[in-house]
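Colleague: These protein sequence lines are chains L and P, in that order.
Residue numbers for the first sequence follow numbering that gives the first Met the number 0, so the first one is 0 and each next one is one higher.
Residue numbers for the second sequence follow numbering that gives the first Met the number 0, so the first one is 0 and each next one is one higher.
Because the hints were derived from the structure by calculation, they are not lab data.
Predicted model only: the values in this text are computed from it and were never measured.
Glycine included, every Cβ here is placed at the ideal spot set by N, Cα and C.
Be careful, since some hints might not be right.
[Claimed, not checked] Partial selection, computed: residues in chain L whose CB lies under 10 Å from chain P: (1) Leu-95; (2) Ala-96; (3) Phe-122; (4) Phe-156; (5) Val-159; (6) Glu-193; (7) Asp-311; (8) Arg-398; (9) Ile-454; (10) Ala-504.
[To be verified] Pairwise CB distance ranges, derived in the manner of DEER restraints: (11) Leu-2(P) / Ile-460(L): 45 to 55 Å; (12) Trp-168(P) / Thr-148(L): 55 to 65 Å; (13) Ala-96(L) / Arg-219(P): 27 to 37 Å; (14) Leu-330(L) / Val-270(P): 25 to 35 Å; (15) Ala-96(L) / Glu-312(P): 21 to 31 Å; (16) Arg-488(L) / Glu-312(P): 26 to 36 Å; (17) Ala-334(P) / Arg-137(L): 50 to 60 Å; (18) Asp-9(P) / Ala-107(L): 15 to 25 Å; (19) Arg-471(L) / Ala-231(P): 47 to 57 Å; (20) Ala-53(P) / Ala-96(L): 35 to 45 Å; (21) Leu-246(P) / Arg-471(L): 27 to 37 Å; (22) Arg-360(P) / Asp-377(L): 44 to 54 Å.
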Amino acid sequence: MGVYIGVDVGGTNTDAAALSSTDRRVVAAVKSPTTSDVASGVVAAIERLLHTSDIVPADVEAVMIGTTHFMNALVEARELLPTAVIRLCGTATRALAPMIDWPNRLRAMIGDNVFLANGGVEFDGRSIAAVDDEELERIAQCIIKAGLTVAAVTAVFSPVDSSHEQLVAERLQSLVPGLRVSISSQIGRIGLLERENATIINASLRGLADRVLSGFEESVASLGIDAPLYLSQNDGTLRDSAHTNSYPVATFASGPTNSMRGAAFLSGMLDAAVIDVGGTTSDIGFLRQGFPREAALAVRVAGVRTNFRMPDVMSIGIGGGSLVHIGPSGLTVGPDSVGYRITSEALVFGGGTLTASDIAVAAGFTEIGDPSLVAGLDQGMVAEAVAWMRGHVGSALDRMKTSPDPVPVILVGGGSAILGGEVPGASNLVLPDNYAVANAVGAAIAQVGGQVDRIASLVGIDRAQMLETARRDAIARCVAGGADEGTVRVVDVEEIPLAYLPSNAVRVIVKTIGDLIPRARL
Amino acid sequence: MSLLDIDALDSIALGAAVLGAGGGGDPYLGKLMAAQAITDHGPVHLLRVDELPADAWCVAVGGMGAPTVAVEKLAGGGELIAALRALEERLGRSFTHLTSMEVGGINSMLPVVAAATTGLPLVDCDGMGRAFPELQMCTPTMFGIAASPMAVADDKGNVVVVSAVDNAWTERLARSATIDMGAVSYIALYAQTGAQVKESMIPDTLALAKRIGDAIVGARSTRNAPAAFVAAAGGGGVLFDGKVADLRRTTVAGFARGTVWLEGSGNDAGVRVEVHFQNENLIALRDTTVLASVPDLIVIVETDSGQPITTEELRYGNRVTLLALPCDPRWRTEAGLQLVGPRYFGFDVDYTPIEQLAARR
Numbered sequence: 000m001g002v003y004i005g006v007d008v009g010g011t012n013t014d015a016a017a018l019s020s021t022d023r024r025v026v027a028a029v030k031s032p033t034t035s036d037v038a039s040g041v042v043a044a045i046e047r048l049l050h051t052s053d054i055v056p057a058d059v060e061a062v063m064i065g066t067t068h069f070m071n072a073l074v075e076a077r078e079l080l081p082t083a084v085i086r087l088c089g090t091a092t093r094a095l096a097p098m099i100d101w102p103n104r105l106r107a108m109i110g111d112n113v114f115l116a117n118g119g120v121e122f123d124g125r126s127i128a129a130v131d132d133e134e135l136e137r138i139a140q141c142i143i144k145a146g147l148t149v150a151a152v153t154a155v156f157s158p159v160d161s162s163h164e165q166l167v168a169e170r171l172q173s174l175v176p177g178l179r180v181s182i183s184s185q186i187g188r189i190g191l192l193e194r195e196n197a198t199i200i201n202a203s204l205r206g207l208a209d210r211v212l213s214g215f216e217e218s219v220a221s222l223g224i225d226a227p228l229y230l231s232q233n234d235g236t237l238r239d240s241a242h243t244n245s246y247p248v249a250t251f252a253s254g255p256t257n258s259m260r261g262a263a264f265l266s267g268m269l270d271a272a273v274i275d276v277g278g279t280t281s282d283i284g285f286l287r288q289g290f291p292r293e294a295a296l297a298v299r300v301a302g303v304r305t306n307f308r309m310p311d312v313m314s315i316g317i318g319g320g321s322l323v324h325i326g327p328s329g330l331t332v333g334p335d336s337v338g339y340r341i342t343s344e345a346l347v348f349g350g351g352t353l354t355a356s357d358i359a360v361a362a363g364f365t366e367i368g369d370p371s372l373v374a375g376l377d378q379g380m381v382a383e384a385v386a387w388m389r390g391h392v393g394s395a396l397d398r399m400k401t402s403p404d405p406v407p408v409i410l411v412g413g414g415s416a417i418l419g420g421e422v423p424g425a426s427n428l429v430l431p432d433n434y435a436v437a438n439a440v441g442a443a444i445a446q447v448g449g450q451v452d453r454i455a456s457l458v459g460i461d462r463a464q465m466l467e468t469a470r471r472d473a474i475a476r477c478v479a480g481g482a483d484e485g486t487v488r489v490v491d492v493e494e495i496p497l498a499y500l501p502s503n504a505v506r507v508i509v510k511t512i513g514d515l516i517p518r519a520r521l
Numbered sequence: 000m001s002l003l004d005i006d007a008l009d010s011i012a013l014g015a016a017v018l019g020a021g022g023g024g025d026p027y028l029g030k031l032m033a034a035q036a037i038t039d040h041g042p043v044h045l046l047r048v049d050e051l052p053a054d055a056w057c058v059a060v061g062g063m064g065a066p067t068v069a070v071e072k073l074a075g076g077g078e079l080i081a082a083l084r085a086l087e088e089r090l091g092r093s094f095t096h097l098t099s100m101e102v103g104g105i106n107s108m109l110p111v112v113a114a115a116t117t118g119l120p121l122v123d124c125d126g127m128g129r130a131f132p133e134l135q136m137c138t139p140t141m142f143g144i145a146a147s148p149m150a151v152a153d154d155k156g157n158v159v160v161v162s163a164v165d166n167a168w169t170e171r172l173a174r175s176a177t178i179d180m181g182a183v184s185y186i187a188l189y190a191q192t193g194a195q196v197k198e199s200m201i202p203d204t205l206a207l208a209k210r211i212g213d214a215i216v217g218a219r220s221t222r223n224a225p226a227a228f229v230a231a232a233g234g235g236g237v238l239f240d241g242k243v244a245d246l247r248r249t250t251v252a253g254f255a256r257g258t259v260w261l262e263g264s265g266n267d268a269g270v271r272v273e274v275h276f277q278n279e280n281l282i283a284l285r286d287t288t289v290l291a292s293v294p295d296l297i298v299i300v301e302t303d304s305g306q307p308i309t310t311e312e313l314r315y316g317n318r319v320t321l322l323a324l325p326c327d328p329r330w331r332t333e334a335g336l337q338l339v340g341p342r343y344f345g346f347d348v349d350y351t352p353i354e355q356l357a358a359r360r
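Looking at chain P on its own, in the form it has when it is part of the complex:
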């Protein structure tokens, strides 16, 4: 058990933006909320997964909806707790620990807010190890853990409790409620025991986010190019240096899809790489050669500052470094690839882990 204080938030938020792999929303607002909650209520008790009692009763909390709306219609403040309490009422039992469902982006910070506010300890783990667009894309889905009953709360005091036949239906129904609530909602889901958390969740991802954030801050202060340090902290590698040469976006069924073309510079001069995204970066290609694909993390950072760039922030002329970080091994199983592999997102390629792709080059 350790204490998570305000000092750690900057690094965690920065690392969480990297783990967002182009999506997940800017953690800036989440960081402000977490800092406010810690100022008001004191630091958060952070537990490693191996310290968690098997009979603990855990729940994931976070936000759902459009990041673009979330930057304008900020949280009212009571939503997360309202969702948590509604779920407790539905299940007839109080939660003992909180978890995160998605470490990538703003959802790294909202569990910190809830933990500071309720005083419940936070378990250092999440259900993605990155960001994904839909809530059934969580490792617990592979272990038969139901996302529902799930509570969806808004600023006005409305709470919807969803009971669904499977996690994909939970996503669909919760998404509908979220849109009616103004395209942002705050949620509690994936209630499970400590024993189940140990099996189904990805451990130590807040610590990973902090390591990555610290690496960026450290590289900046020593005036080193941060990308290589990010790659090392995340156990991955640098794929490409260049700049954004072209960008195309479309909206398909409520998702921002698009392609960014990067023109190489330095050692990569003359080379062109394309990255396809749907909120998150999905696949990076050099001609027809796959450089990396989901579920591995494809991250675009600003070359000089190491600042991760979300797919919505991409602009012509950004000087960027393309990185790939390995996903959790469970995503690389058949069940994992069915949920979040390249074919799920419409790319007709077999998944190959980035380590093997790198060895082939």
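Pulled out of the complex, with its shape left as it was, chain L reads as follows:
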């Protein structure tokens, strides 16, 4: 029997799930502690998965890993490579230098090899300045002299026309042996500084990406598994490890995305709210057609403004390990949590700390640990704590809703028992099988995606034609990412009319997804 193995590396637990590659049934699932080097935790989780089931390494057709390791590296400002930062702008954009608004610590790690060069286009595709080969040769000399191994290239309006970025990347790679170039049109959307920031971060993480991914590959191989390795991305789609190696930033928000995608899969619901209750927080997001709704505004990551594709998730400090506080002004829960120490510190495990999980056991929602240890709790207090948690989760849910009507809610995550199957504002509440490992399942079911985001002018071309071109390009990108062409479909088309532009210029965003090409056909 062929299986896909999904692994989600969280702050506390590394979860793994095996799904049948033919009918995508969950055949095994485990939780295992996360380790500081990440890779050995992944090995341990997959090993346990194999031990607790009759899956053998030869059954494994693909391994999908979700990790926030690259995000953590940025937040902790470690293992970032000094990067050549090249902006193709001609006369434009020079008022604001690259990395102008960055925290000093991160900026110092990137270094000051910044080049403003010829290139870039106007909003309608007219060239601002042609790429200048002599100038590129000078830049290449500087890169060689500084001993840099990675570069980030951002051209003005490259989401409209990326040819300058591609040309410069090719030229630099031929001029500087071994140089690896990230280009912005592959990474972000319109908004020059934000896209440039994401591209620089991406380039600077490529050394770490190499090490982490080869670590994963070796780990998987050490288990006797000979199958392609994929990493899950912010938008719920996959990239193979060779591509992830080129785009580490695309994995930054894969955790919440995986749990939401897993929730959709396990429940069979495509449009619903998802509440993922972990040990420390509850994350609330919304599914649209089975994919997370994305945040619309610029997001700061480690103090850097970016426009990554990120799921729109609200996180509140209520989880299974949250401390229950009883003070003079009343009862509150969280945001502090015993985290992974729950199995020693919670009352039901013989510890001395009253946690949300103890409340859940005392209220009869679940049986973990020793229920007799919480039998003496005051039932009035227990009811008050339950009401407090439901009230806070319910009001967070309400903030995320798009209409006042009650919405269906999918509840997942290891801590979900604390809500006792009830959340205010939910029309119906579903706790699917394997809810505790929804994130690993989300990694295992992930598909390949493609996206187009451009400003299109409707001069000399009608709207249908413009949309058709955008669709075709989005499908081509999906196939280039490893999707089986016959399964690719358009999941979202958005048109935003733009102020002050002539002739009905619109910004058009088209998203596509498709299944991985099955191993048999590779």
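Start from chain L and add chain P according to the hints.
Modeller: Showing chain P alone in chain L's frame:
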């Protein structure tokens, strides 16, 4: 005279976004440019209108074009000064002071950039007291001050000097040049004497922006809902609490028009309000009852943070508070309403000041 330093920019930019009334562009990039210019050249000398000599020779500077393009094709850096110098050359006389034409949005910051770069003092005033979509929609138009000759400059070094028969023609010709320049340009216009500035411009609007910005920052730090503080700082009131329930957009003649429907929450539960916009918010209606209309400022802020939301940023599900702030009294005259009243924007209603509308409710 006071000094405007980098520390003040955050609050001014935040307040200017509120005064944008849904338009005017995100002042974030303008703020970065202003901070850079002050770092390079030192703080800006800021003058109150009543400190301005009658024989001063003043000019407004700013940006023109599509905010969506401005976030991608950032300024080259020399455009504002090129426009300023071209206009001086055309008029044969050097300017002594700078002003703003539009305090709402990004144009609050560009005069700061020009003032820091040239060392010319900046007068705390503007021609709108908010944001409007077209350049003739400035109080000086009502006082017979010509917007032209006007200089329009781009990143490449192109400069067009427009001489037009009236301010509406200036807008039209400058807009054409701007589109050819890549849909963003940097401009100098409304040259006038100190005496004329005192009569025609709206005073103390940078100070107002700063007060509003400070109110938001203060409310955030004390964990209060910021909207009421914004309303108080701007002399207006809160109209409605709710969330974005529906949104429709169309493009008409290069302008982003649309309607947003808000569904009430809390005290306003069960109530639905609609706001029509054309770049800026134009009119807020509850059924057929007008809650506020241009030229008064209709502002939508995120309820929790007080962060103003532009009409382009509106999304389903935003939790918002709707505010109205009074416009400058000159906009409430017959001449003012002809330029920017509800009928100019195609709404068949008479303008009533928000204070009177509130008293009727």
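Colleague: Quick check on Phe-122(L) please, does its C-beta sit within 10 Å of some C-beta on chain P?
Modeller: holds, 5 Å
Colleague: Between Arg-360(P) and Asp-377(L), is the Cβ distance one that fits in 44 to 54 Å?
Modeller: For Arg-360(P) and Asp-377(L) the Cβ distance comes to about 48 Å; the hint holds.
Colleague: Falls inside 50 to 60 Å, the C-beta gap from Ala-334(P) to Arg-137(L)?
Modeller: holds, 59 Å
Colleague: Falls inside 26 to 36 Å, the C-beta gap from Arg-488(L) to Glu-312(P)?
Modeller: holds, 29 Å
Colleague: Can the suggested window of 25 to 35 Å be confirmed for the beta-carbon pair Leu-330(L) and Val-270(P)?
Modeller: For Leu-330(L) and Val-270(P) the Cβ distance comes to about 34 Å; the hint holds.
Colleague: Check the following: the C-beta atoms of Ala-53(P) and Ala-96(L) are separated by a distance inside 35 to 45 Å.
Modeller: Check passed, 41 Å falls within 35 to 45 Å.
Colleague: A closest beta-carbon separation below 10 Å is what the hint needs, so does Arg-398(L) meet it against chain P?
Modeller: holds, 6 Å
Colleague: Tell me if the beta carbons of Ala-96(L) and Glu-312(P) are separated by a distance inside 21 to 31 Å.
Modeller: holds, 26 Å
Colleague: Mind checking the hinted window 15 to 25 Å against the Cβ distance between Asp-9(P) and Ala-107(L)?
Modeller: At 24 Å between Cβs, range holds.
Colleague: Going by Cβ atoms only, is Ile-454(L) closer than 10 Å to chain P?
Modeller: holds, 7 Å
Colleague: So the hint says 27 to 37 Å: do the beta-carbon atoms of Ala-96(L) and Arg-219(P) match that?
Modeller: holds, 29 Å
Colleague: Take a look at whether the Cβ-Cβ distance between Leu-246(P) and Arg-471(L) falls inside 27 to 37 Å.
Modeller: 28 Å Cβ-Cβ, so the 27 to 37 Å window holds.
Checked against the numbered hints given earlier, this structure breaks none of them.
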